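Colleague: Below, each chain spelled out in residue letters.
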Amino acid sequence: MENRDQQEEKIISSLRSLHALAPSRRFTDLSRRLILLSDQNENYLNRFRRGISALVAMRQRLAIAVLAVVLALGGMLYVREYTRLVAEQKNQERLLSEARSLDFQIELQEARYFEESLNAASVAIKGVFENGK
Amino acid sequence: MVEGEENLIRQAQAGSAESFGILYDHYTPQIYRFVLLKVTAREEAEDLTHEIFLRAWRKIKAYQIRGFPFSSWLYQIARNQIIDHYRLKKNQISLETVDADLIKAEDSIERDVDRLLRLDQVREAMKELSGDEQDVLIMRFVEGLSHREISGAINKSEGAVRLIQHRALNALRKLLA
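Residue numbers (our numbering), protein chains in the order written: chain A, 109 to 241; chain B, 2 to 178.
Derived by calculation from the structure, the hints in this document are not laboratory data.
Keep in mind that this is a model prediction, so the values were computed, not measured.
All C-beta atoms in this analysis are idealised placements derived from N, C-alpha and C, irrespective of residue type, glycine included.
Take these hints with a grain of salt, some might be off.
[Claimed, not checked] Derived, one-sided and incomplete: chain B residues facing chain A with beta-carbon distance under 7 Å: (1) A18; (2) G22; (3) Y25; (4) T29; (5) R34; (6) E47; (7) F54; (8) R59; (9) A63; (10) L120; (11) V143; (12) R168; (13) L170; (14) L173.
Go ahead and model the full structure; you've got the sequences and the hints to work with.
Modeller: And the structure:
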């Protein structure tokens, strides 16, 4: 059975072995750089100012982002509307052109009808005169 | 202590980042170990260690050279940071939440399974000790500080430090029996 001293020696030995624990190189490099770049004279007023600047900068970025989204959406809507209007106008022009062409066709047909009718009438009248002599 | 430590401190107080960087390089491993053994999780230990040295860099002009090593002052900051950390966290760290990396690190230290188990038991038993008792054991046996250096760190006399050490080892021995 271990005596008191031996037990304590084992405990101390265990504690000493923990000396091998170490921070990672990645952590110490980053931490060191951040600390040495920071303002040594930072007091509460500077920290407050820095906080406000960060907040303002963030709001500015947010405002620009919102504006960009609005402009993008607005642009998309404008393009869609413009395209629709152009298409509608072209459609109307086409319809108008078709209508005009149709009118012309009707007129042409009417003219032919009248001509034929005229011819027929002329033949009939001639026949009547010739028969009447 | 770092060679030419007083000179480095004065230069850092004058604003020399390079001088503080040398102090940082020398003391980070021991402060990190101290914090890690108190909070157990690696990421928390890294965050706290960073905060400790950031605070030291910003407050170094207020530091007065009184014959104690610079580490004593760093340990004071570390103890206060850990107290604040626990005040915010209000958690008990159980063995189950021990960081996996810490276990791996210990595994690389000890290949003997018996010793590894005992190491784990010692760490677990240390949680039952008071803050001062834990601090004295870590500074004395993990970091190898003298009683005088520890007294500067925890703001107690050398005699009080020896007494705390004796009580802490006694308590640990009973817990592990």
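Colleague: Given a cut of 7 Å on the nearest C-beta pair, is the interface hint for B:Y25 held or broken against chain A?
Modeller: Since the shortest Cβ distance to chain A is 5 Å, the answer is holds.
Colleague: Identify whether the interface hint at B:L170 stands, where standing means a beta carbon of chain A within less than 7 Å of its own.
Modeller: With Cβ-Cβ at 5 Å, under 7 Å, it holds.
Colleague: A closest beta-carbon separation below 7 Å is what the hint needs, so does B:R168 meet it against chain A?
Modeller: violated, 12 Å
Colleague: Does B:A63 hold up as a contact with chain A if the rule is Cβ-Cβ below 7 Å?
Modeller: At about 12 Å, which exceeds the 7 Å cut-off, the nearest Cβ of chain A leaves the hint on B:A63 violated.
Colleague: At a threshold of 7 Å, is the proposed contact between B:L173 and chain A supported by beta-carbon distances?
Modeller: holds, 5 Å
Colleague: Against chain A, with CB atoms and a cut of 7 Å, does the hint on B:G22 hold up?
Modeller: OK, holds: B:G22 within 7 Å of chain A, min 6 Å.
Colleague: Let's test the interface hint: is any C-beta of chain A closer than 7 Å to that of B:L120?
Modeller: holds, 5 Å
Colleague: Less than 7 Å between beta-carbons is the criterion; does B:A18 satisfy it with respect to chain A?
Modeller: Interface hint status for B:A18: holds (4 Å vs cutoff 7 Å).
Colleague: Taking the closest Cβ pair, is B:E47 under 7 Å from chain A?
Modeller: OK, holds: B:E47 within 7 Å of chain A, min 5 Å.
Colleague: Does B:V143 hold up as a contact with chain A if the rule is Cβ-Cβ below 7 Å?
Modeller: For B:V143, the interface hint holds, since the closest Cβ of chain A sits about 5 Å away, which is under 7 Å.
Colleague: Against chain A, with CB atoms and a cut of 7 Å, does the hint on B:R34 hold up?
Modeller: holds, 5 Å
Colleague: Does the interface hint hold: is B:F54 within less than 7 Å of chain A, judged Cβ to Cβ?
Modeller: Cβ of B:F54 sits 6 Å from chain A, so the hint holds.
The structure does not agree with the numbered hints 9, 12 stated previously, though it agrees with the rest.
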